[in-house]
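Each chain, letter by letter, is given below.
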Amino acid sequence: MLAPEQNWWKPLGRLEKTWLTVALVWCIFLTVMMPLWYYMGKQNVPAETYRTTPQQYAATVNEFVAQYQVGEENSVPVVAPPPGSDVYLRASAWQWYPILQLEKGKEYRLHISSMDYAHGFSLQPVNINLEVLPGYDYVATITPTSSGEFTIVCNEYCFLGHHTMVGKIIVK
Amino acid sequence: MATLAPTFPWAKDSKDDYRTCPVLTLKVDMHAERLIIANAVMAVVTLTIGGIAALLIALTRWQAVHLLDATWFYRLLTIHGIDMLIAWMVFFEIAGLHFGSTVLLNARHAAPKTAWFAFILMTVGGLMANVVVLIDPRNTVAYTAYMPLKASPLFYLSYILFAVGALIAVITFFINIVVAKREKRFEGSLPLVAFGFMTAAILATYTLLQGAAAVVPAFLWSAGILSNFDPGIYRNFFWGFGHPAQQVNLAAMISIWYSLAQITVGIRPVNEKFSRLAFVLYLFFINLGSAHHLLVDPGLSFSWKAVNTSYAMYLAVLGSMMHAFSIPAALEVALRAKGYRKGLFGWLRNAPWGEPGFAALVVSMVMFGWIGGVTGVVIGTEQINLLVHNTMRLPGHFHATVVSGTTTAFMGFTYYIIPLIFRKELKLKKWAVWQPYVFGGGMLLVSLGMIVSGLQGVSRRNWDITFSGVVPGTIELSLAIFGIGAIIAVIGGIMYVAIVLTSILTGPRLEASKLLLVSGDNNPVLESTKLTEHDLESKQNQPKGSFVLVIAFLVWFAVYYLTNWWLLGRTWFIR
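From first to last, the protein sequence lines stand for chains U and G.
Positions 1 to 172 (this note's numbering) are the ones given, in order, by the first sequence.
Positions 1 to 575 (this note's numbering) are the ones given, in order, by the second sequence.
Just chain U, with the same shape it has in the complex (with noise of 0.2 angstroms):
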């Protein structure tokens, strides 16, 4: 609170220029950490996004649910896509569709984009956390390591009946 002196331009001390010292090394490694996690992790952010809009993205959904449909749960469509291919997954307010089943240890291409709001992909338990946008057609490439049923929770806002929006991935 007080006026320095004139000059206060002065050399650090001992423990300043130690802690200086380790909190930068310490810096510079969180630094690397993510390029290197980048080039040898499992676990990457998808990138490869393009723009659609929710009228030609609708379209597509119906399409790949025609083409691969097993079975239908609560009137939503349980599709199996072969592995390898490209997958689509629509977020309305307040639903996802249609229910996907994937078979565990093999490659998906994953497409998710939403049809009004922005919405949230959570899969759980797995706890994988996307954010869904219009316009968007996210492309995410999974692979399931683990089997069994997954749920699809929204976790971005989208109005009043957020909270009802669930949907599933089952992976045998």
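You may find that some hints are simply not true.
[Claimed, not checked] Think about it this way: if two alpha-carbon atoms lie no more than 20 angstroms apart in a straight line, the pair counts; the simulated SDA-like pairs of lysine to any residue are:
#1 U/Lys168 x G/Ser303
#2 G/Lys338 x G/Lys530
#3 G/Lys338 x G/Trp353
#4 U/Lys10 x G/Leu277
#5 U/Lys17 x G/Gly441
#6 G/Lys424 x G/Val438
#7 G/Lys113 x G/Val65
#8 U/Lys168 x G/Lys544
#9 G/Lys427 x G/Leu516
#10 U/Lys42 x G/Thr563
#11 G/Lys424 x G/Tyr437
#12 G/Lys150 x U/Thr18
#13 G/Lys273 x G/Glu533
#14 U/Lys17 x G/Val280
#15 G/Lys429 x G/Glu533
#16 G/Lys544 x U/Glu16
#17 G/Lys184 x U/Glu107
#18 U/Lys42 x G/Ser303
#19 G/Lys430 x G/Gly520
#20 U/Lys172 x U/Thr143
#21 G/Lys184 x U/Glu5
#22 G/Lys338 x G/Ile481
#23 U/Lys17 x G/Leu554
#24 U/Lys10 x G/Thr529
#25 G/Lys150 x G/Ile171
#26 G/Lys427 x G/Ile37
#27 U/Lys106 x G/Gly569
#28 G/Lys273 x U/Lys42
#29 G/Lys273 x U/Gly13
#30 U/Lys172 x U/Leu160
#31 U/Lys168 x U/Thr18
#32 U/Lys17 x G/Val548
#33 G/Lys424 x G/Arg19
#34 U/Lys168 x U/Met115
#35 G/Lys338 x G/Val555
#36 U/Lys106 x U/Pro83
#37 U/Lys17 x G/Gln540
#38 G/Lys544 x U/Gly135
#39 U/Lys42 x G/Lys338
#40 G/Lys273 x U/Trp8
Keep in mind that the hints were calculated from the coordinates and are not lab data.
Given the coordinates of chain U, work out where chain G should sit on it, guided by the hints.
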């Protein structure tokens, strides 16, 4: 030798209206005093509204209680965000800016009319935001109002009014500094606290401009003038406002930390250069933080996110780590110089734990750094964000920073503003002694409950997560911890509001006679001027204990950070 800013003859202009503070021997311009009081009062008013909302939404998320229906939950969630994160913070900061640019510099307020205009805009905007959310169901859009959720034009207009008011108030800060310098109210460099406020003000300027880039187009779109506005671009600009706004809070809070340390212990910054460089690092790098909110958004490349989320090279984090050492070190040196030299932590045992300002300082620093800072860096790591985005770990992080950190510091500072600026005796002093610990303890449970829930996949902003059917039973426990913590924290908040209201509404106006509230009649600020270079440099006064503390902090930081990489490695493969 540091001295109090020398007192210059007041401006020749006879219209000047001032008094001399008997405790700090600083001149207080009455215009500035009234502006500080007005802004501080609005801060407490909005804190109270936001606090009521906080209690109700916490009691809803506590699954066993589940108080509100969904509509009211989302409505009060919106109110809570607006009143706490925007109104309470900014009103208090504007009070701080008026204080830092006048009282601390022995200077007058050079543009009081403009500052009052700014205050009126902010008040109208802030109250209007509350009203339109309460009466118009369209405006239940959460305070972030992500497009294409469409609120009514009045909602965006209230944001614009508030932000324009804040921007004008910030401009008067710069005017005051320039005028004070020209009128030679102070000599040499700005005091460190004013320097920190200057950092906050510069950050606030471009923060508010980015806010305009998000909210003005949204307003035009809502009014039907603009046909489309990209939701991704909105998010980028919104967080160009929302994230740096938290760094304004950070810079203001650290200025308050230095103030509280000086008021309660009489520190002298061990090395002015060190502390100032840390503020400058904020200035240059912290504006990149918008990316923290976009790490799992479509359309952005790895390199863009990695550079931005890490503030170039974690250089703003480095700034915080510097303050994390320099403030405890300054406390330690000052206490050692008073003779508390036993062992590594003898100074800490003899610190004034019963003085509200010191209690608030310690609670704020520990919670901000050990919980808020560490979780923030982890969440902001590009890949780890996959595990965290929009889960409850996020509010767990920012309740540790903005609430346990900034709010506790602001509350502690209020107790000194009341006698010095409001010129009222502080009432309920015993409550004030306990208040920081009660509030901090409650908030600790809140943050831990949220973080542990989030680790189990519970999403934020969700009225009832049990809909999803998969969340494990242990979330009942972590949400209960969160709920109980919220009740304790709200009790701490009620204590604060009660102390403030009782003090300013009862009792006569009284010039303050002493600085400390409970721990003695001495004046640490004046005493700190007696700290010599010799005291700072003498071997037995070296801050060895603080060094051990920051090393312990770093170990905890590393453990939490590496654990999160391990967690990420266990989930599905994704690229």
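Which hint numbers does the structure go against, in order from smallest to largest?
-> Violated: hints 1, 5, 6, 7, 8, 11, 12, 15, 17, 22, 25, 28, 30, 31, 35, 38 and 39.
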